[in-house]
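A.B. asks: The primary structure of each chain is shown beneath.
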Amino acid sequence: MKTTKSTTDRQNLRNGLLFCSPIIMGLSVFTLYPVLASLYYSFCNYPMLKPPVWVGISNYRTLFHDPVFYTSLYNTAYYAIFATPIGLGVAFLLALLLNQKVKGMALFRTMFFVPSIVPMVAGSVLWLWLLNPQYGLINSLLISMHVPANLIPGWMADPLWSKPALILMSTWGVGGTMLIYLAGLQDVPVDLYEAADIDGATSLQKMWNITIPFMSPHIFFTLVMGFIGAAQYFTQAFVMTGGTGGPVDSTRFFSLYLFQNAFQYWKMGYACSMAWILFIVILLFTLLLFKTSARYIYYGGEK
Amino acid sequence: MKTFVTGLKYLLILAGAALFVIPLLWMLTVSLSTPEQVAQPGIRLWPSQFKWDNYRIALTLMPFGKYAMNTLIVTFLAVLGGALSSSLVAFGFARLRAPGKDALFVLMLSTMMLPAMVTSIPLFIIFKNLGWYDTLLPLIIPSWFGNAFYIFLMRQFFLTMPVEMEEAAEIDGCGKFRIFWQIMLPLSKPALISVVVFSFVAHWNDFLTPLIYLNSVDKRTLALGLATFADVWGVDIVSLMAASTVVLLPVLVIFFLAQKYFVQGIVMTGIKG
Numbered sequence: 001m002k003t004t005k006s007t008t009d010r011q012n013l014r015n016g017l018l019f020c021s022p023i024i025m026g027l028s029v030f031t032l033y034p035v036l037a038s039l040y041y042s043f044c045n046y047p048m049l050k051p052p053v054w055v056g057i058s059n060y061r062t063l064f065h066d067p068v069f070y071t072s073l074y075n076t077a078y079y080a081i082f083a084t085p086i087g088l089g090v091a092f093l094l095a096l097l098l099n100q101k102v103k104g105m106a107l108f109r110t111m112f113f114v115p116s117i118v119p120m121v122a123g124s125v126l127w128l129w130l131l132n133p134q135y136g137l138i139n140s141l142l143i144s145m146h147v148p149a150n151l152i153p154g155w156m157a158d159p160l161w162s163k164p165a166l167i168l169m170s171t172w173g174v175g176g177t178m179l180i181y182l183a184g185l186q187d188v189p190v191d192l193y194e195a196a197d198i199d200g201a202t203s204l205q206k207m208w209n210i211t212i213p214f215m216s217p218h219i220f221f222t223l224v225m226g227f228i229g230a231a232q233y234f235t236q237a238f239v240m241t242g243g244t245g246g247p248v249d250s251t252r253f254f255s256l257y258l259f260q261n262a263f264q265y266w267k268m269g270y271a272c273s274m275a276w277i278l279f280i281v282i283l284l285f286t287l288l289l290f291k292t293s294a295r296y297i298y299y300g301g302e303k
Numbered sequence: 304m305k306t307f308v309t310g311l312k313y314l315l316i317l318a319g320a321a322l323f324v325i326p327l328l329w330m331l332t333v334s335l336s337t338p339e340q341v342a343q344p345g346i347r348l349w350p351s352q353f354k355w356d357n358y359r360i361a362l363t364l365m366p367f368g369k370y371a372m373n374t375l376i377v378t379f380l381a382v383l384g385g386a387l388s389s390s391l392v393a394f395g396f397a398r399l400r401a402p403g404k405d406a407l408f409v410l411m412l413s414t415m416m417l418p419a420m421v422t423s424i425p426l427f428i429i430f431k432n433l434g435w436y437d438t439l440l441p442l443i444i445p446s447w448f449g450n451a452f453y454i455f456l457m458r459q460f461f462l463t464m465p466v467e468m469e470e471a472a473e474i475d476g477c478g479k480f481r482i483f484w485q486i487m488l489p490l491s492k493p494a495l496i497s498v499v500v501f502s503f504v505a506h507w508n509d510f511l512t513p514l515i516y517l518n519s520v521d522k523r524t525l526a527l528g529l530a531t532f533a534d535v536w537g538v539d540i541v542s543l544m545a546a547s548t549v550v551l552l553p554v555l556v557i558f559f560l561a562q563k564y565f566v567q568g569i570v571m572t573g574i575k576g
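Line order of the protein sequences matches chains Y and B. Those letters in the first sequence? Residues 1 to 303, per this note's numbering, in order. Those letters in the second sequence? Residues 304 to 576, per this note's numbering, in order.
Among the hints, erroneous ones may be present.
Keeping only pairs whose Cα atoms sit at most 30 Å apart, straight-line, the calculated DSS-like set for lysine-lysine is [claimed, not checked]:
hint : chain 1 : residue 1 : chain 2 : residue 2
1    : Y       : Lys-103   : B       : Lys-312
2    : Y       : Lys-291   : Y       : Lys-206
3    : Y       : Lys-267   : B       : Lys-492
4    : B       : Lys-312   : B       : Lys-369
5    : B       : Lys-522   : Y       : Lys-50
6    : B       : Lys-492   : B       : Lys-479
7    : B       : Lys-563   : B       : Lys-492
8    : Y       : Lys-291   : B       : Lys-404
Some chain Y residues near chain B, calculated using beta-carbon distances under 10 Å [unchecked claim]:
hint : residue
9    : Phe-69
10   : Met-105
11   : Trp-129
Some chain Y residues flagged as far from chain B (calculated, every beta-carbon gap over 10 Å) [unchecked claim]:
hint : residue
12   : Ser-58
13   : Thr-71
14   : Arg-109
15   : Gly-154
16   : Lys-163
Because the hints were derived from the structure by calculation, they are not lab data. Even glycine gets a Cβ: it sits at the ideal position worked out from N, Cα and C.
Chain Y with its partners taken away, still in its complex shape (with noise of 0.2 Å):
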């Protein structure tokens, strides 16, 4: 009996090993190797064309004194603290509009959410233009509304609106999160909702009492995704100011400083360092929203 156990155990683990190698393979070579890789080179002198030497702390301290360092954590911290709760705000009040019985329903879904699916490089050469300050259409609209010329914007060329212009770009893009709570609006129990009509709740009690405690895992999982995006914003800033972060620095996000060291100084020993402070500030921040919030999100009497 021992012994066809454990030919049953051998045959159960050559095939979990036959069926899981890509992932094991693929894990080890482009992830576990590659982060190892990157912690050590975080600690060298790494030009590329040479070898890389070990100069301990030194990338770490020399980052800590870096202006543009502080700049580029500052523009992301920025971006990250507005973007993703205006982008979750409009998701759902999207997704609330959509959750009633309306007629056209997948209609309008649909255009709420192809914006979400623009490839990035394409929507960051839209969005250029729309916010051109001369011929951009959302200038000439607020010119067109007799806007005082001083208080019109000038976009992506001003150092103080270019981050305000890069989370209404984003807002642009929350499709994606809009049809996760759509799908949670859907499963929340209507009774739950004429037993409260019946004791007479206001709308604004339901949403509170009712709406938002069965959204909360929802709300939840988008909020740690989205933060985790914001945290790596890079693409839109990238193509809409040629790479440079301009205008003085404004959109010179982490990510883009990481990159231009890595790519375009060739410094990499400090770029890893700096992504190992990225890494770790995700985490740490992911952990902080876990621990926080876990007794807010209600799974549906699971709990």
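Mind docking chain B on chain Y? Use the hints.
C.D. replies: Just chain B, lined up with the frame of chain Y:
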């Protein structure tokens, strides 16, 4: 009162939908206008004439055929290999019993949190040493080893399927791989389609990987080509909008063809657990 509220809802939805669609409409309008029309003040959301010739001009300004070919090669090979390997691994996670399977699954999911920039530098060095710099290989090969998100989607789908059929096949002497290939895969078409669509959009739109690995002009993909095109001084807005529209078009077509599955796939990502 009731009709008033319904009317208000429609008004709000229509206004919102207009805000989301107008940028794309504007892009199309500009791409079909003359530069003089674009320079005039005011708002135009429908072209007064359809200058389709703009598209021919825009596509000859850059080596469009070359870019399109590169993008098609990358997208086709990466999507095909990625979908096959991901569903293979997903089957392993959903059906096979092996020690350490759950730990591996959790490890795999947690790598989705890892910023791409952490691995990008050592990967760049690996691929450079392999002689793959300035080739399409770094854009294709990594996806052949499975993608955590697609594996998750496929696994969730496999878990909903009844095991009786597989057990019957097993009694008839069918091996695990044949069960996967001849029973599970054909039955999981909806999930497979959503993985293919996700993967298509991701590879078609990818910018960072081509930016890191591709150097020569004739190796560029559409996304990278369009970005460099936009960056070149003096390229007019009409050509830019025409080129952007062309790059966007295949994604739109794929989306409308597979909308049902795509929406399902996104909905599944938000499901707890």
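A.B. asks: Now tell me, hint by hint, if it's right for this structure.
C.D. replies: Each hint, compared with the structure:
1. Pair hint Lys-103 (chain Y) plus Lys-312 (chain B) holds up; C-alpha atoms about 11 Å apart against a cutoff of 30 Å.
2. Annotation: proposed proximity of Lys-291 (chain Y) to Lys-206 (chain Y) holds, straight-line Cα distance about 27 Å (limit 30 Å).
3. A distance of roughly 46 Å separates the Cα atoms of Lys-267 (chain Y) and Lys-492 (chain B); the hinted pair therefore is violated under the 30 Å criterion.
4. Among the hinted pairs, Lys-312 (chain B) with Lys-369 (chain B) is inconsistent with the structure: their alpha-carbon atoms are about 48 Å apart, more than 30 Å.
5. A threshold of 30 Å between alpha carbons decides the hint, and for Lys-522 (chain B) with Lys-50 (chain Y) the separation of about 27 Å falls inside it, so the pair holds.
6. Distance hint between Lys-492 (chain B) and Lys-479 (chain B) is fulfilled; the C-alpha atoms sit about 19 Å from each other, no more than 30 Å.
7. With a C-alpha separation of about 12 Å, the suggested pair Lys-563 (chain B) and Lys-492 (chain B) falls inside the 30 Å cut-off, and the hint holds.
8. Distance restraint check for Lys-291 (chain Y) and Lys-404 (chain B): the Cα-Cα separation of roughly 26 Å lies within the 30 Å cut-off, and the hinted pair is therefore satisfied.
9. With a cut of 10 Å, the hint placing Phe-69 (chain Y) at the interface with chain B is violated, because the nearest CB-to-CB distance is about 14 Å.
10. A hinted interface residue such as Met-105 (chain Y) counts as satisfied when its beta carbon comes closer than 10 Å to some beta carbon of chain B; here the least separation is about 9 Å, so the hint holds.
11. Given hint, Trp-129 (chain Y) at the interface with chain B, holds; its Cβ is 6 Å from that chain's nearest Cβ, closer than 10 Å.
12. A cut-off of 10 Å between C-beta atoms confirms that Ser-58 (chain Y) is not in contact with chain B; the least separation is 17 Å.
13. Under the 10 Å C-beta cut-off, the non-interface status given to Thr-71 (chain Y) relative to chain B holds; the minimum distance is some 17 Å.
14. Its closest Cβ contact with chain B, about 8 Å, brings Arg-109 (chain Y) to no more than 10 Å, contrary to its assignment away from the interface.
15. Residue-level check passed: Gly-154 (chain Y) sits 17 Å from the nearest beta carbon of chain B, beyond 10 Å.
16. Even its closest Cβ contact with chain B, about 19 Å, leaves Lys-163 (chain Y) beyond 10 Å, as expected for a residue assigned away from the interface.
Consistency note: the structure conflicts with the earlier hints numbered 3, 4, 9, 14.
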